[in-house]
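Chains A and Y are the protein sequences, given in the same order.
Each residue of the first sequence is one higher than the one before, starting from 23 at the first, in this note's numbering.
Each residue of the second sequence is one higher than the one before, starting from 3 at the first, in this note's numbering.
Mixed in with the good hints, there may be bad ones.
As the list claims (entries may be wrong) - Cut-off 27 Å, straight-line C-alpha distance, at most; resulting in silico cross-link-like pairs (DSSO-like, lysine-lysine):
1) Lys295(Y) <-> Lys265(A)
2) Lys57(Y) <-> Lys79(Y)
3) Lys163(Y) <-> Lys265(A)
4) Lys220(A) <-> Lys28(A)
5) Lys202(Y) <-> Lys79(Y)
6) Lys40(A) <-> Lys79(Y)
7) Lys163(Y) <-> Lys230(Y)
8) Lys57(Y) <-> Lys230(Y)
9) Lys220(A) <-> Lys308(A)
10) Lys139(Y) <-> Lys163(Y)
11) Lys4(Y) <-> Lys139(Y)
12) Lys4(Y) <-> Lys265(A)
13) Lys295(Y) <-> Lys4(Y)
14) Lys163(Y) <-> Lys40(A)
15) Lys265(A) <-> Lys308(A)
16) Lys289(A) <-> Lys230(Y)
17) Lys131(Y) <-> Lys79(Y)
18) Lys338(Y) <-> Lys265(A)
19) Lys79(Y) <-> Lys139(Y)
20) Lys131(Y) <-> Lys202(Y)
21) Lys289(A) <-> Lys265(A)
22) Lys79(Y) <-> Lys265(A)
23) Lys289(A) <-> Lys57(Y)
24) Lys289(A) <-> Lys4(Y)
25) Lys202(Y) <-> Lys265(A)
26) Lys57(Y) <-> Lys163(Y)
27) Lys265(A) <-> Lys220(A)
28) Lys295(Y) <-> Lys265(Y)
Honestly, the hints are just simulated from the structure, not real lab data.
The structure displayed is predicted, hence computed values, not measured ones.
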Amino acid sequence: MIYGDKNTGIIMTGATGKQGAFHIALINEYARQVGGRGVVAGVSPGKGGQGVAGVPVYNSIRDALREHDASAAIVFVPAFAAGDSIMEAADAGLSLVVAITEHIPVHDSMRAISFARLNDCAVIGPNCPGLLSPGEVKMGIMPVHLSSRGHIGVISRSGTLTYEIVDQLTRAGLGQSTIVGIGGDPVIGQTFSDVLRKFEEDDQTRAVVLIGEVGGSLEEEGARSTELPIAAYIAGISAPPEKRMGHAGAIIEGGEGDARSKIERLKAMEVPVASRPSDIPAIIKKLL
Amino acid sequence: MKLLEYEAKAIFAEQGIPVPRGAVIRSPDELPGRIADLPPEFVVKAQVDVGGRGKAGGILMADRTNGETIARELFGKLIRGVPVREILIEERLAVTHEYYASIAVDRSSKQALILFTESGGVDIETLAKENPDAIRKASLPLLLNQIPPFMLRDLLGSAPKELGPVIQNLYRVFLARDALLAEINPLVTTPGGPFAADAKLIIDDNALNRQGITQNRDLTEREREAEKYGFSYVELAGSIGVIGNGAGLTMATLDLIEYYQGKAANFLDVGGGADQERVMHAVRLVAADPSVKVIVVNLLGGITRCDDVARGIISAGISQPVIVRLAGTNEDEGRKILDGSGYRMMGSMEEAVRAAVEAVQ
C-alpha cells in the first residue's frame, strides 16, 4: 500500500456537513472491518465540542492534533473554502491531504498545492474519490465492495469509471494494492508520475492500470517516468474539441490533449492501451 | 467562460494595460455618432468568439467615408458560422513591431505559465510546433503576487523594456480575474508606446460566482437548463441519448457507443446522489432532444439506490425506449421495477451499449 496504512490516523475537515458525516461512518465501518484506525477526529470551525458519527469535532486541525495522533486529512468542505482547508492541513504538519471537494476555483487549488509543497505535504485531488488500499485503509468515498486485495495498482482521473474497472479486475481475479483517484481538475496535486513513483517503491504492486481522459498530458508524462509494467485506458475518444466533458480538466484545448494523440503517444512508448474498459484485465494478465 | 475582445480589453485597461481607443456598436446606425472620437481611419472588428477571425473576414479596415457600409455588411455576415451582433471600432495603430504575450494555467507545473515571443500576430500553437525556440517561457507559483524582475528580463530578452510593465499588468489581470488564460496577440509597439491590439481572456467556470458573472455564455440553452439541476451536459450530433454518473464513466459510455459504430446524441453526467427526482429530470432533458431515438442509462455506485433510479426513469414518462445498466444498492428491486414496466435492464455497460446501438440500426 502507498500513502497510508491501517495505522494512519485521519482528520476529516467539513465533518459536520451531511456528506462529511455520512462518509466518516463509511470510512470507520471499513476501518473496523480491517482493524484500522480510520477517522479519529472531525474539524468544523465554530462547531468544536460537538460529535459526529462517533468522532469528536474540533474548531481547527491544530486543536484536533493536540488530542489525537493523525498524519492525513480528508477535505470535505465546500469549494469556496476548500483551498483554505488544504493549506490549514499542510500548515498543521500533516503529510497527506485528500481533497474530495469538486468545483474549487483553479487558482485556489494552485495556491494550496504550492503551499502544501512548501510544507512537504502531498495533496491528492481535488475533485477526486480519494484512495483505497483494500484490506488496509480507505481515505475517501470509494465503494469498497467492488475491490479485492492484490497486486495491481490503479491510478485514475475519474471516480465511477475507476469503480467500473476495479470491478472488472476483481472479477478477473486481479486484486488491487492501492487505488488512487487523482482527480478530474486541470490542476491536481499528485499526478500519474507522483503516484507511479510511490508504486515503484511498493513491494505489493506488480503492475499498474492508468485510467486517463482527454485534457492535458499527465498520462504521457507519467508513462514516460516509470519502469513499472503499465496498461492504460483513455476516456473521451468521442469527445468534441473545446467542450468540457463533465470534469473541469476534461477538455481538448488548442488541439492539445485529445484521446487519439494521447493513445498514439502511449503506444509509441510501448504502453498497451485498452479500447474498452473490459479489455483491461486481459492486458494486465499478459503483463504479469 | 470566454470573454469577447472588447470585454477583455476593458478589464486589461482597468489593470493599466494600454488598449486602442474604440467603441462598441450593436447596429450600423450607431456608427456615425461614435466615429467622431476616432481618427479618420479605423478598424472594424466583429465581436465573435471564433479562432482565425481575421482570415474569416471578421476584421476590416475602414474610414469615415466607407465605415458605415462596411459595418452594415459585417453585421449581416456569419464569421465561421457565428452571426455578428456586436462590432468594435478602433483607432488604427502605427505598428512598429508585433509581439505575443500570454499567461495560462499550466497543468504540468501547477503554476502560471508565461509565454512571450517576438513573432507576434501568429498562431501560437503553430509557432510552438514549427519554431519552439522562438517562444520564451517562465513558470510562476501563484503564491507570488508579481513577476520577479529577473523573470521579466529573461522573457523579454532584447525586446523593448516598455513591454515589461504590460506583462506585469497582464499577471495582475490573470490573478484578479481567476483567468485560465490571459493573452495579448498581437502586443504591438507604436511611436506612442505599447498597446494590446487584441485581447483574450478565459475565466475559470468554477470562479464565475466570485467574479460576479451570473450566466455562463459558453453553454447552449439545454446545457444551461442541465446546469440548473447540477448536471454536466454536452450536445452531440447522434441519436443515442446517454446518461451516466461520473464524467469518466459517461465518457467511456460514449466511447463504447462509437466502438460499436453508434453515435451519441449527448453527454449527461448526473453527478453524485442520483436519486429518483434527479434521474427523472435527466431522462426528460435528454428525451426532449428530438434527435434522440433511444437512451442508455449507465449508473454505477456504492450508494446509488437502484430502486430509486428505476422509479425515476419510469416517472419521466417519455416515449423513447430506455436501456438501463444499474449497479449499486437494491439492484434486484430496481430490476423488478423496470421489468414490470417494460424497460430493459442489462448486466453490464457493454451489453447496454450494444443493445442501444442495435435499437437505432
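Here is how each hint holds up against the structure:
no. : hint                    : in the structure
1   : Lys295(Y) <-> Lys265(A) : holds, 23 Å
2   : Lys57(Y) <-> Lys79(Y)   : holds, 14 Å
3   : Lys163(Y) <-> Lys265(A) : violated, 38 Å
4   : Lys220(A) <-> Lys28(A)  : holds, 17 Å
5   : Lys202(Y) <-> Lys79(Y)  : holds, 22 Å
6   : Lys40(A) <-> Lys79(Y)   : violated, 53 Å
7   : Lys163(Y) <-> Lys230(Y) : violated, 48 Å
8   : Lys57(Y) <-> Lys230(Y)  : violated, 37 Å
9   : Lys220(A) <-> Lys308(A) : holds, 23 Å
10  : Lys139(Y) <-> Lys163(Y) : holds, 17 Å
11  : Lys4(Y) <-> Lys139(Y)   : holds, 23 Å
12  : Lys4(Y) <-> Lys265(A)   : holds, 12 Å
13  : Lys295(Y) <-> Lys4(Y)   : violated, 33 Å
14  : Lys163(Y) <-> Lys40(A)  : violated, 55 Å
15  : Lys265(A) <-> Lys308(A) : violated, 36 Å
16  : Lys289(A) <-> Lys230(Y) : violated, 40 Å
17  : Lys131(Y) <-> Lys79(Y)  : violated, 33 Å
18  : Lys338(Y) <-> Lys265(A) : violated, 37 Å
19  : Lys79(Y) <-> Lys139(Y)  : violated, 38 Å
20  : Lys131(Y) <-> Lys202(Y) : holds, 21 Å
21  : Lys289(A) <-> Lys265(A) : holds, 25 Å
22  : Lys79(Y) <-> Lys265(A)  : holds, 25 Å
23  : Lys289(A) <-> Lys57(Y)  : violated, 37 Å
24  : Lys289(A) <-> Lys4(Y)   : violated, 34 Å
25  : Lys202(Y) <-> Lys265(A) : holds, 18 Å
26  : Lys57(Y) <-> Lys163(Y)  : violated, 31 Å
27  : Lys265(A) <-> Lys220(A) : violated, 33 Å
28  : Lys295(Y) <-> Lys265(Y) : holds, 11 Å
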